[in-house]
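Guided by the hints, dock chain B onto chain A, whose structure is given.
Which chain is which? The protein sequence lines are A and B, in order. When we follow this note's numbering, the leftmost residue of the first sequence carries the number 1, and every step to the right adds one. When we follow this note's numbering, the leftmost residue of the second sequence carries the number 1, and every step to the right adds one.
The reader is advised that the hints may include incorrect statements.
Which copy is meant is left open, so a pair is good if it fits within one copy or across any two.
Unchecked claim - Computed cross-link-like contacts, SDA-like style, restricted to lysine to any residue with a CA-CA straight-line distance of at most 25 Å:
| no. | residue 1 | residue 2 |
| --- | --- | --- |
| 1 | K252 | P174 |
| 2 | K170 | A34 |
| 3 | K109 | A168 |
| 4 | K276 | R185 |
| 5 | K109 | S172 |
| 6 | K170 | P92 |
| 7 | K50 | G235 |
| 8 | K276 | G49 |
| 9 | K109 | E273 |
| 10 | K170 | R43 |
| 11 | K109 | P92 |
| 12 | K170 | R25 |
| 13 | K170 | E112 |
| 14 | K252 | E179 |
| 15 | K252 | R267 |
| 16 | K109 | D13 |
| 17 | K265 | A168 |
| 18 | K109 | D96 |
| 19 | K170 | T28 |
| 20 | K170 | F110 |
| 21 | K170 | P24 |
| 22 | K252 | A36 |
| 23 | K50 | E40 |
| 24 | K170 | D98 |
| 25 | K276 | T6 |
| 26 | K109 | M94 |
| 27 | K170 | E40 |
| 28 | K252 | G49 |
| 29 | K50 | D13 |
No lab work stands behind these hints, which were simulated from the structure alone. Given the structure is predicted, the values throughout are model-derived calculations rather than measurements.
Protein chains: 2
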Amino acid sequence: MTDFETRLSATADDIADTLSSLLPRIETDGVRCAEARLLEAMRYGAEGGKRLRAFMAVETARMFGIERYNALRVGAAIECIHAYSLVHDDLPCMDDDDLRRGRPTTHRKFDEATAVLAGDALQTMAFTILADPATHENPFIRCELVAALARASGPRGMVGGQMIDIEAEKTSEPLSLAETSRLQRMKTGALIEVSCTMGAILGHASSTNRRALEYYARDFGLCFQICDDLLDATGTEEMVGKAVAKDADAGKATFVDLLGLDGAKERAAMLTEQAKAHLSPLGERADTLRALADHALYRQK
Amino acid sequence: MTDFETRLSATADDIADTLSSLLPRIETDGVRCAEARLLEAMRYGAEGGKRLRAFMAVETARMFGIERYNALRVGAAIECIHAYSLVHDDLPCMDDDDLRRGRPTTHRKFDEATAVLAGDALQTMAFTILADPATHENPFIRCELVAALARASGPRGMVGGQMIDIEAEKTSEPLSLAETSRLQRMKTGALIEVSCTMGAILGHASSTNRRALEYYARDFGLCFQICDDLLDATGTEEMVGKAVAKDADAGKATFVDLLGLDGAKERAAMLTEQAKAHLSPLGERADTLRALADHALYRQK
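So here's chain A without its partners, still in its complex pose (with noise of 0.2 Å):
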């Protein structure tokens, strides 16, 4: 492993006891409480995956010198968003999926009902997370990170991204170029972007030097999704470790489907070395995030 990987790891790693630290108990005294099915599908919707989003409040937060225990906290509560989405994304009523990071879906190991009670409640731990004072000593961080991530994640953000994505699939015209930019910066780019904002919350950032990170975070957001559905074109199911070419199956305007299988190779070269130049008042510190950049783009090689 490289240098990157080890990092990135060893960040996920330390996400996954964060959250099952803060995640309620199933147990009291070795007594289940009445509730502990809904605290199951929560953990279990909450594990796995390679927690990027909270790497990247992590190592932005590390570049400003906050204490990785406040950091990962803020990762936590950006897992618990991202996890509530996948979650009520994989819903029959949604996209119908049977497999999630290489695992049934919370549906599919659990119910329905469990798992939209599951997601919501997920969405609820994420800002209790944050309006914790273990998260800042400083009540006015704390509402600043709780403002930040309720609007990326909300109507103008995640969530409203996710309703053009299925208004999309219903039209017989494909979204153009234009409004499938706008619908991925929504639907996936505002939690990954406000991943680097909250990391410069944490750490007091000049404007100058949040500015840049949200610069490059709005541009590895869109190669990320770019890869993504690069990975959805040519991947297998075993790779990817969740159903493929079902965007493209579904209707869905993938950028593979505007630009061409090599127009989106070059559009997501341009853009992480643009996302990197973003970096350049951040000096050397910001060498893990450069290392992101280039860690997505390869995986899709």
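Structure of chain B alone, referenced to chain A:
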């Protein structure tokens, strides 16, 4: 209308206006945004209702001289959580209801996917509203509000209660009175209780006053649920605005089953007196909350 009813209805109108101004705009300069369907469903899901929880927060805050504008924002956030829980609870995989507040439920008016997303986004909006400096200038207060609402609506509160309720339907053994009381305290009681708590947080209430208000709200919440079960057992669909005799049909444990009709009525009356008694440290300024307790009791007569 009595003074109390005038006040209740004025607050319901103000909450509708506050929500209307806080929820995202569907059109900008006459152009519908791509996520318009989501925003319409959010507004639809948040419409109607007596706004009892908001009223409790607003009336509590008023006792401590808080500006109505700030109290209404807190009330609107609570109603976002309440509305999201109704939208999700009505889904086919949950209670499968077609009627709510006398109109088609959100998934019947729109579709299931839109209802899931609208519920998700309404939850997010609650925290967006509370974290905003417009709610209170002091970030300590805002964080306390976020933490209190998240705790009450999360896995150990509202969502946990809904899980226990769904689980209970599947088992042949009915819940005991103690189990049903815990379920209802989580499912409906937690949000009612936190409405007074949030008014008290906004008003920097002393710990004595805050405790008095929470005890009041706890007894009121239980009384409210018993009255709801009485309405379900004895009311008509037209009167109640949603399907009746559903809970009994679904094999859910109701307080009417557990206590009998007369026993449930007696318990409700006893809880109303007890709730009002808790308010004695607050003197006359708590008269509206006393009237509210009487109102909840009498609506089932």
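Results for each hint:
no.	hint	verdict
1	K252 x P174	within (8 Å within a copy, 47 Å between copies)
2	K170 x A34	between (41 Å within a copy, 13 Å between copies)
3	K109 x A168	between (29 Å within a copy, 19 Å between copies)
4	K276 x R185	within (18 Å within a copy, 52 Å between copies)
5	K109 x S172	between (34 Å within a copy, 23 Å between copies)
6	K170 x P92	both (16 Å within a copy, 21 Å between copies)
7	K50 x G235	within (18 Å within a copy, 53 Å between copies)
8	K276 x G49	within (24 Å within a copy, 51 Å between copies)
9	K109 x E273	neither (41 Å within a copy, 47 Å between copies)
10	K170 x R43	between (33 Å within a copy, 22 Å between copies)
11	K109 x P92	both (13 Å within a copy, 19 Å between copies)
12	K170 x R25	between (42 Å within a copy, 23 Å between copies)
13	K170 x E112	both (23 Å within a copy, 14 Å between copies)
14	K252 x E179	within (12 Å within a copy, 47 Å between copies)
15	K252 x R267	within (19 Å within a copy, 56 Å between copies)
16	K109 x D13	within (23 Å within a copy, 44 Å between copies)
17	K265 x A168	within (24 Å within a copy, 52 Å between copies)
18	K109 x D96	both (13 Å within a copy, 21 Å between copies)
19	K170 x T28	between (48 Å within a copy, 24 Å between copies)
20	K170 x F110	between (29 Å within a copy, 14 Å between copies)
21	K170 x P24	between (39 Å within a copy, 24 Å between copies)
22	K252 x A36	between (37 Å within a copy, 19 Å between copies)
23	K50 x E40	within (21 Å within a copy, 35 Å between copies)
24	K170 x D98	both (21 Å within a copy, 24 Å between copies)
25	K276 x T6	within (21 Å within a copy, 61 Å between copies)
26	K109 x M94	both (17 Å within a copy, 17 Å between copies)
27	K170 x E40	between (34 Å within a copy, 18 Å between copies)
28	K252 x G49	within (24 Å within a copy, 38 Å between copies)
29	K50 x D13	within (9 Å within a copy, 47 Å between copies)
In this structure, the one hint that does not hold is number 9.
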